[in-house]
Amino acid sequence: MNADVRMGRSAARHLRFALAAVGALTVCGQSVAFAGNATEHSRIAALAQFDLAAGQPRLALARTEGAQGAQSESVAWQRARALMETGQVARARDLLERQLQGQTHRGDAALVLGRIANTEGNTAGASRYFDTAARLGFGETRQQALYELAALKLEADDPDAAGQLLATMEPGYWAALGYMNLAGVYSTRDLNAARPLVALRVALAMSEQDAIGDRSASLRSQLLVRAGYLSYLQEDHEKAIGFFEQVPLDSYHTPRALYLHGLALAARDNHRAAMQSWHRARKYPLAYPGVEDAWLGMGRGYDLSGYLGQAGEAYLAANASYESERVTLKKLADRINDEGAWKALIVDARGDDAQWFLADSRTLTQPRMAYLLQFMEGTAAQEAVSRVSELVDLELYLAEKHQHLNVWKTSLRERLATAPGSAGTSRAGLADRAETLRAQIQTLAQRQGDRSVRDELSNTAETLSAVETALTSLERRLAKRDARLAALVRRADAALTNVQSLRSQVAKLQERAESSLDRVALAFVKDQDKRMAFALDKTEQQIAHLYEYLALETLERGGR
Amino acid sequence: MVATEQARGATGRVSRAGQNLLAAAVALLVVLTPTLTVADDLNADINRLKAEVADLAGELYALEESILHPADTQVAVFLTLARKDALELDSIELFVNDTPVSSHLYSDRERQSLQQGGVQQLYLGNVPHGEHELRAVLTARTGNDRYVRREAEHRFQKRPGESRIQLSLDARAPDYEPRILFSEWK
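One line per chain: the protein sequences are A and B, in this order. Here the first sequence is numbered in my numbering, starting from 78 and rising by one per residue. Here the second sequence is numbered in my numbering, starting from 1009 and rising by one per residue.
Be aware that one or more of the hints could be misleading.
[What the hints assert, rightly or not] Selected chain A positions facing chain B (in silico; Cβ < 7 Å): (1) Q126; (2) R135; (3) L138; (4) A139; (5) T163; (6) G164; (7) K478; (8) N536; (9) T540; (10) R589.
Quick caveat, the hints were computed from the structure, so don't treat them as lab data. No experiment lies behind these values; they were computed from the predicted model shown. In this text, a Cβ means the ideal position worked out from N, Cα and C, and glycines have one as well.
Build out the structure end to end from the sequences listed, making use of the hints.
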């Protein structure tokens, strides 16, 4: 009995392999299409949702292409998102407007429409959409809509109305951001820092509820620096020091916090501790705000502590450091002129080329990264970099597709050149083999076997009939083969021409986008150089004052 | 009289200052307007190009399906999470008949998408009719903060027409042991 079962399994396995071989010879091509029912639509929507999360909006668009329309709100919503991500705002707007009449994504659609209107300068329209999003949206969507509404109120110089809106928000990132903006407006309007400080304290409390670690930590550092600075301006140095000491050392805002921390300590005549903070700030690249002042602060600290010799040395060291930075900036400007800002500032910052600044890591202490971070704070820089980045991404995509199309075309041509005769003649042999296999299955089925063997035989018989069906239609499909392959070659040729034309358009636009980025980057480098020149001027003045004082002292001593 | 002249003088100064300000504003506008227009034109051109590339992507997708994945032998494998907080996926590897066909490392956004009901297409390929073996190897962090690596196998019968297999991950309290469930989409 066991031997029978073993034999049966072994024979069935052989049959499966034989069928797999036969099956592989009889494949036929058909296009894939999702059936038009609700389950399929929800699957398409779920697939497109993941594609978008994986950064493949073009794939999401292709997936949702055949399923657009009013059949599925979710599919239309994912398609609208993909259209937005591929820059097709006008097409996305139609779908989004339709979403407003639906049930599931009304809030999300209104939020996106509000942002479109805001970008186009239509503040009234944006306000209406954000209001709808706040009313119909849930969770993060509602919070973002309320934040946007508050931002519009702040732009309209109505901080009280903004405050009322912010008061209705749930604690979290968006509420914290809103209160930070409110504090900014209050600090430009008010003579004392009471209201901005209260707003910043609320923002700090709100940011604690944000579950996303990185953005929460970054926002918190920024809030602490702002709160500390306002406290310092209020001459509440103890409080200011408290805020600065909470800023983590690995934050982008650390150099500025260290400088201000030193300033607050110096205001309390604790020059030694102040100089310790400035000394730590000096370790960071001069690109960060506060670092050049920290260099200057060191000299001032020695001066106020009565160490005039060291003060002079510190000022001279600051001077040398600024001079050196100006050389670095000049080199950077030269590189931007030679290679373009995209390569000099962006691409090389992520590479391993350590020679330029003799940098050995990619941390905050790397000057190139520091300048990149500083540069990317500006809106114009963000837009200019984003334009080039998009075009580089498009070129990579098109180059990949160009290569694929060439490979497919070659392969299709080779298949066209191969006569289908050999497949046709082997058809009779295959049919005979299939017949023999069927007989073997029937023989095995007559033997006694356990359930698993019977199942395996049943599966094998099923596969065999699929193969036989494919064999029956082989002649018909072979007759159509050449026409089908030729049609595919024509489609590949047309697509290839299209890809080539698009690549040349991308190249032209990339040139324009890169020269626009170069202009923004050179202006940034020029500003940085001015900042260094100004700092240099300040140290020279300090040195002049110091020498003047020393000369007068010497004269006085001589007179005595 | 003197007061009137002073007032007139002041008005004149204000008006001159106003004129200077206006001239400066106009000059600034003249300087800025071409820059803004150029940037807007560039943005519009890029958006137009992106739309054309997206259209092409649709055509290429259809062409790729026709050339590479004939429906009769096509097999697609999809991944879903059975429950939102089941697992924090780190990576997955997929083998068809012991041949590695797909592997993926998850980003935060992708994990979030899966938790919100997103479906990932792990693999799209071709196999002949008959029986085949699918093996998935996953690494993930479970709900009770354990880092686990699990394997699961599934035998399937490739029939004529496209085959779509769903791989669904689940892990339930209290042990949060990952379970990998296979099912075929009809």
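Consistency of the hints with the structure:
Using the Cβ-Cβ criterion of 7 Å, the hint placing Q126(A) at the interface with chain B is satisfied: the shortest such distance is roughly 4 Å. Annotation: R135(A) was flagged as interfacial toward chain B, and the flag holds, the nearest CB pair being 4 Å apart, inside 7 Å. Evaluation of the L138(A) hint against chain B yields a held restraint, the C-beta minimum of about 5 Å falling below 7 Å. A cut of 7 Å between beta carbons decides the hint on A139(A): the least distance to chain B is about 4 Å, and the hint holds.
For T163(A), the suggested interface contact is upheld, since its CB lies about 4 Å from the closest CB of chain B, less than 7 Å. The closest approach between the C-beta of G164(A) and any C-beta of chain B is roughly 4 Å, which is under the 7 Å cut-off, so the hint is satisfied. Against a cut-off of 7 Å between C-beta atoms, the interface hint on K478(A) holds, since the closest Cβ of chain B lies about 6 Å away. The beta carbon of N536(A) is positioned within 7 Å of a beta carbon in chain B (closest approach about 5 Å), and the interface hint is therefore held.
A cut of 7 Å between beta carbons decides the hint on T540(A): the least distance to chain B is about 5 Å, and the hint holds. Using the Cβ-Cβ criterion of 7 Å, the hint placing R589(A) at the interface with chain B is satisfied: the shortest such distance is roughly 6 Å.
Checked against the numbered hints listed earlier, the structure breaks none of them; every hint is satisfied.
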